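Now that you have both chains on their own, put them together as the hints suggest.
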Amino acid sequence: MGELVKFIAQSLVDNPDQVSVNEVRGEQSIIIELKVAPEDMGKVIGKQGRIAKAIRTIVKAAAVKEGKKVIVEII
Amino acid sequence: MKSVETTGKTIEEAILMAVAKLGVQRDNLEIEVLEQPVKGLFGIIGGRDARIRATVKKSIKDEIKEFLSRVLELMGIEARIEITEEKSQIMVKLSGQNMGLVIGRRGETLDALQYITNLAVNKSRNDCKRIIIDTEEYRSKREETLRKLAKRLANKVQRTKKSIVLEPMNPYERRIIHSTLQNHPYVTTYSEGEEPYRKVVIKLK
Chain A
1451 MGELVKFIAQ SLVDNPDQVS VNEVRGEQSI IIELKVAPED MGKVIGKQGR IAKAIRTIVK
1511 AAAVKEGKKV IVEII
Chain B
-7 MKSVETTGKT IEEAILMAVA KLGVQRDNLE IEVLEQPVKG LFGIIGGRDA RIRATVKKSI
53 KDEIKEFLSR VLELMGIEAR IEITEEKSQI MVKLSGQNMG LVIGRRGETL DALQYITNLA
113 VNKSRNDCKR IIIDTEEYRS KREETLRKLA KRLANKVQRT KKSIVLEPMN PYERRIIHST
173 LQNHPYVTTY SEGEEPYRKV VIKLK
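Residue numbers (the numbering used here), protein chains in the order written: chain A, 1451 to 1525; chain B, -7 to 197.
Heads up, a few of these hints could be off.
Claimed, not checked - Once the Cα atoms are required to be at most 25 Å apart in a straight line, the calculated PhoX-like pairs of lysine-lysine come out as:
#1 B:LYS121 - A:LYS1493
#2 B:LYS57 - A:LYS1510
#3 A:LYS1497 - B:LYS115
#4 B:LYS143 - B:LYS153
It should be emphasised that the hints constitute simulated quantities derived from the structure, not laboratory data.
This structure is a prediction, so every number in the text was calculated from the model and none was measured.
The following block holds chain B by itself, in its conformation from the complex (with noise of 0.2 Å):
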């Protein structure tokens, strides 16, 4: 990693410096002050200048590329990972044999590896981003069954007048759901219950 020390009248004279010695913005800097400045007698004597070091900071790609590629390292798994960077989130795509492995059932894996991997890269981060983990197109084709699977029941609802109500389901999924039938006529959902088990229900406006 990248840094350098570099000292100024006050600290903020010495990051500005440690700017333009590293040609890094700002935020992409770690400060660590390793002195502060002290003035001195009129100014003049035995005043100390301030010291500090800037380090530039990993970007999350990185971060992310490494700590998930130890991951699947340490479970044996070899997979390419490619990394997308969008506006609010983070695609990663993994691909290589086993990746039944990972996805696991009912995107089980998938899911526990894309929430560790959020907690762990987020941690020391302040730019906070969601990652989403995919491997063969899982999580479209997921999208597409619950969207499928919404409208088909939403039908059943309007036909039956009856509520019903999904099995448990993340809040990513739930969210598919939800828009699904935002705008359906007859139609409309909330959840119920609390986390891992909350569901949506599906009942009549």
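Next comes chain A alone, as it looks inside the complex (with noise of 0.2 Å):
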């Protein structure tokens, strides 16, 4: 689930090799954090969140096989 949030980032940002990802999994929820570079952020967030809102969709249709609340949250 990182992995598709990470690939995701990186083909939206200036800066792909300063994405990171960590996963923290939970018994009933993943949380997965995302880092850009700060002059991406509005990049993977968008206007009114429109983008980050888009990326959780998609992780969350990647989710319902596992069965996990999956929670994209960018620092």
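Here it is, written out as structure tokens:
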């Protein structure tokens, strides 16, 4: 799941080498922490969080199979 | 990716050389200047040619395919990707099992995929083209539903003489409503509110 977030983020930003993802697996949920270069923040969040929302939607669909709640946090 | 390095008296000359060598149109080449030309003394002594590297750009179809197949793979979805290029837009058709998952509630996931693909693929291109992703005719069916809804609500507005505010829709769906009722004799449409909660209003003319 982290790989998916990482790949999408890397395709959107100007500094793909500065994208990092940390996955914290809990019992019922997975938290994915996404970190990008400060100047790339807008590229993964978007106007009114539109891009962030789209990323979350895609990840949610991918997580259906795992039966776990996935939370994507941009830090 | 195919690329060549060429030299010439000027950058222009080097580029023409690369065009000839690769047999590709200039618009499809990415040019990187490795060395600026230096004019020598009296144009003879100590001059240096321009040196460039020309790389053939990937076609937009290739890029879409590469991006989407990786995303779908990471999502754990097996799908066939079919891409057709039209005048101003590119149609991507996905097929396979589990397409319900790709569509999502009210096409939510499909829209998200389409939005992200547009951003990712068009980021590095100046020949920006709209990419539309569809599966199992979802979009055409949805369009049909929206057209019917628009007509039904227009009749209601005409009858009750009261405006109707529709639920929030994305620009693509709003456009369908507007265009359906464009030439309606008694009602007119406009949008109000801010994205992503922008809504279409149907009112009496």
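Checking each numbered hint in turn, tell me which of them this model violates, lowest number first.
none
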